[in-house]
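**Student:** Below, each chain spelled out in residue letters.
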Amino acid sequence: MINQLRKVYSTLIVYNEGKNKLDQNYKWFVTGNHEVIGIHEDELTSKDISLLEAFLVPYNIELPILTEEEEKWRQVIQSKEPTDNAFELDSSFRFVYFFISENQISPNLFNDAIHELFAKRVPILWKNGSEGIIIEKQQDSDENLSYDQIIDVLMSDLYVNINFFVGPFKEDLKEINHHFETLTNDAKTVFGYTNKPVVTYVDAIPYLLIHQTEPELRDEISKTILQEYLDDEDTLKMIETFVQCNLNISETAKELYMHRNSLQYRLDRFLEKTGIDVRQFQHAMPVYLAMLARK
Amino acid sequence: MAELRLVGIKKVYDKDVVSVKDFNLEIRDKEFLVLVGPSGCGKSTTLRMIAGLEEITEGDLYIGDKRVNDVAPKDRDIAMVFQNYALYPHMDVYNNMAFGLKLRKFKKDEIKKRVDNAAKILGLEELLDRKPKALSGGQRQRVALGRAIVRDAEVFLMDEPLSNLDAKLRVQMRAEIQKLHARLQTTTVYVTHDQTEAMTMATRLVVMKDGIIQQVGEPKEVYDFPNNIFVGGFIGSPAMNFLNGKIEGNHFVMGDVKVEIPEGKLKTLRDQGYVGKDIVLGIRPEDIHDEPLYLKSSPETKFSAHIEVAELMGSEIVLYSKVDDQDFVARVDARFNATAGQTIDFAFNLSKAHFFDKETEERIK
Numbered sequence: 001m002i003n004q005l006r007k008v009y010s011t012l013i014v015y016n017e018g019k020n021k022l023d024q025n026y027k028w029f030v031t032g033n034h035e036v037i038g039i040h041e042d043e044l045t046s047k048d049i050s051l052l053e054a055f056l057v058p059y060n061i062e063l064p065i066l067t068e069e070e071e072k073w074r075q076v077i078q079s080k081e082p083t084d085n086a087f088e089l090d091s092s093f094r095f096v097y098f099f100i101s102e103n104q105i106s107p108n109l110f111n112d113a114i115h116e117l118f119a120k121r122v123p124i125l126w127k128n129g130s131e132g133i134i135i136e137k138q139q140d141s142d143e144n145l146s147y148d149q150i151i152d153v154l155m156s157d158l159y160v161n162i163n164f165f166v167g168p169f170k171e172d173l174k175e176i177n178h179h180f181e182t183l184t185n186d187a188k189t190v191f192g193y194t195n196k197p198v199v200t201y202v203d204a205i206p207y208l209l210i211h212q213t214e215p216e217l218r219d220e221i222s223k224t225i226l227q228e229y230l231d232d233e234d235t236l237k238m239i240e241t242f243v244q245c246n247l248n249i250s251e252t253a254k255e256l257y258m259h260r261n262s263l264q265y266r267l268d269r270f271l272e273k274t275g276i277d278v279r280q281f282q283h284a285m286p287v288y289l290a291m292l293a294r295k
Numbered sequence: 296m297a298e299l300r301l302v303g304i305k306k307v308y309d310k311d312v313v314s315v316k317d318f319n320l321e322i323r324d325k326e327f328l329v330l331v332g333p334s335g336c337g338k339s340t341t342l343r344m345i346a347g348l349e350e351i352t353e354g355d356l357y358i359g360d361k362r363v364n365d366v367a368p369k370d371r372d373i374a375m376v377f378q379n380y381a382l383y384p385h386m387d388v389y390n391n392m393a394f395g396l397k398l399r400k401f402k403k404d405e406i407k408k409r410v411d412n413a414a415k416i417l418g419l420e421e422l423l424d425r426k427p428k429a430l431s432g433g434q435r436q437r438v439a440l441g442r443a444i445v446r447d448a449e450v451f452l453m454d455e456p457l458s459n460l461d462a463k464l465r466v467q468m469r470a471e472i473q474k475l476h477a478r479l480q481t482t483t484v485y486v487t488h489d490q491t492e493a494m495t496m497a498t499r500l501v502v503m504k505d506g507i508i509q510q511v512g513e514p515k516e517v518y519d520f521p522n523n524i525f526v527g528g529f530i531g532s533p534a535m536n537f538l539n540g541k542i543e544g545n546h547f548v549m550g551d552v553k554v555e556i557p558e559g560k561l562k563t564l565r566d567q568g569y570v571g572k573d574i575v576l577g578i579r580p581e582d583i584h585d586e587p588l589y590l591k592s593s594p595e596t597k598f599s600a601h602i603e604v605a606e607l608m609g610s611e612i613v614l615y616s617k618v619d620d621q622d623f624v625a626r627v628d629a630r631f632n633a634t635a636g637q638t639i640d641f642a643f644n645l646s647k648a649h650f651f652d653k654e655t656e657e658r659i660k
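Line by line, the protein sequences give chains S and A.
Start counting the first sequence at 1; every next residue gets the next number (my numbering).
Start counting the second sequence at 296; every next residue gets the next number (my numbering).
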C-alpha cells in the first residue's frame, strides 16, 4: 500500500521510531500494518486529508503507536456493528478512563510508567494528548495497587495531575462500544462535580443522577432540603464530611478538629431548623444529593 | 539556594470555593517547614500549588529569585513524596529508585551513582535487588524517600508521607526523615494533620485553618504563645484547656471558684479594658498542679475538684475533672497517686496561662 500511495504522493516517508523525528510539516497516519507514514502538507488538499483519514488512522504526533492488541480494542470500540464476538477474551476486563493535565507529559512516558504497574502489559488507548483509557484485565495478585496508590506513584515520577474514572469489570464484549462511550462521557461529567482524583462508577451515581436532573428541579431540591442552610458553607462542609465518614460522629469530629459534642450540637440544630436528621441514612442521602444539586 | 516565597497566594475552586486565602510566607533555605491543620484547612492545596499540581488563582510563587507560577512541575526542581508510599510492584528496589531518572533520560552511569548514593544514605544497599513485596512497611517507605532523593532536587515536598504507617513505624520514620534532613539540608515543605509530627519535626511550623495562616513560628514559640484559641487547642496533646470566666478585681472568676491573676497579666487585661468582661482562660494540662509543695506555695490559685477519670501514662497521670461545670484536663506527676473518684486540690500556674478574647478568640497580649 505504501508503494501505491507513494506513486500519488511523492513526499511520502515512513517514520522509523528512534531514528528520525516526526516533522511538523507532514501529516501523519498509521497504516493497517502499524507503520506510521507522513505526507508533506504542501502535497495534500483538504479533500486528500479526508480521504486518507477514511482508510488510515490519523496519527497525533504525541501519541504512542498502537500495539496489535490495542488496535484490536480500538476497532471493537469504534465499531458500529454488534461487538459480542469480535475476539476472544482471556479474562474479564474493565475500562479505566484517565485524564491528565494538558501538555504536561509525553503520552509515551505515561504508557511506560503505567506498564510497570501491572504484571502484564495493559492496552492503553489515547483519545488525545490528555485523555484515554486503560484496559485493565482482572488479575488475582496481592501486588495490585489501588488507583489512589497508582496516582501517588505516577505523580512523584511524572509530576503531573492525573484523574482516573474506574469502570466495572466486564465478562464479554457485548455492546462494548456503547459502554465505552457511556463511561468516557460519565467520567467527564463526574470530574466536573468533584475534585477527587479517583472516582469509581459506583461513586459516580449520585453525580450522574443530579447531572441528569432538570436545573429547575435541582434548584428546588437544594432549596427544599437545605432551606436556610443553602449558603451556610461551614455547616454543609460539616455534613459532607459526616457523610464521607460514614455518619460516624467521632471520626467526623476528629477529621474536622471539632469536639464531638459541638458536632452533635450542630447536627441537632440542623434537625431543629430543617426537620432532617442526617444521622439517619435515609435523611443523610437526600441532604447529600441536595448539596450536589447546588454545585 | 532554595528559598521559597509565597506572596498573596489564593486558590479558588469552581469560582466560589476559596481553599487558600492571601497566603504570605517566606520559606528559608535548608528549612524544614511543616504545614499543619485539620482536614480541609488548605495545607495540601498549598503544597500542591508549590509543586505546580494546582494552578495558583492569585498571587506569586518564587523558588529562589524565579517566579514559577507558569513553570511546569517537572521544571521546578522539586521532588515529591506522597501519602501512599506504594512502589512499582514488579520492579526491584534499584529500578524503583532509578525509574524517574530513566524517564528523564539520564545516563546509566549517572543513574547508578545517584541510586547507590541514596541507597547508602537510607541503608538500602542490601535490599537493592528485592521486590517491594519482600520489604517491610518501613523499608518501603525508605525506598519511597529514595525515589525523591535521587532527584537531587532543590526542594522536597512531602504530603502526609507517614499517615499510612502504623503508630510505631511512624515514630521511627519521623526520626529517619529528621536525620535525612540534617544530612541533606534540602529545603523541605512537609504537610501533616498530626500536631505531634509537626511539633517534633519542624524547624518552623505554619498552623492553618479554613485556608488562612493562623500562626507561623518555631514549635516551642507556637506552643507557648498561641495566637488564638484555635492554635492553642490544636497544638499540644492533651489539648489546652479553655475555661470561661470573668475578671473581677485581681481574680479570674469561674462561678464559685476564684484564682488570682499575676500582676503582669492583670495589668495587660486592665489596660485593654477586660475587667468585668467575659474572657477565656487557656491553660495547658501540665500547668495544672496537684503536688503538695506547689499547692502550698500557690494558695491564690488553689481550688478543689472531683476527679472523674484518671489515666496512668507511666510517670504521669492524666486527670479529667470539672471546675464550675467546665471540663478540664490536668497532667500531673504519678507519684502523688491521684485516682478517679477522689476530690483533690489543684492549683493553676497562671504565669504560664493565657487569656483570650471571647469574641475574636485572639490571645490578649
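Careful: at least some of the hints might be erroneous.
What the hints assert, rightly or not - Below, a sample of chain A positions facing chain S; criterion: calculated Cβ distance under 8 Å:
(1) G335
(2) L348
(3) A367
(4) P368
(5) N379
(6) L382
(7) M386
(8) R442
(9) P533
(10) F537
In case anyone wonders, no lab produced these hints; they're calculated from the structure.
As the structure is a prediction and not an experimental result, all values here were calculated from the model.
From the three backbone atoms N, C-alpha and C, an ideal C-beta is built for every residue, glycine too.
**Student:** Are the hints correct? Go through all of them and say.
**Tutor:** Okay, the hints, checked on the actual structure:
| no. | hint | result |
| --- | --- | --- |
| 1 | G335 | holds, 7 Å |
| 2 | L348 | holds, 5 Å |
| 3 | A367 | holds, 6 Å |
| 4 | P368 | holds, 4 Å |
| 5 | N379 | holds, 4 Å |
| 6 | L382 | holds, 7 Å |
| 7 | M386 | holds, 6 Å |
| 8 | R442 | holds, 6 Å |
| 9 | P533 | violated, 13 Å |
| 10 | F537 | violated, 10 Å |
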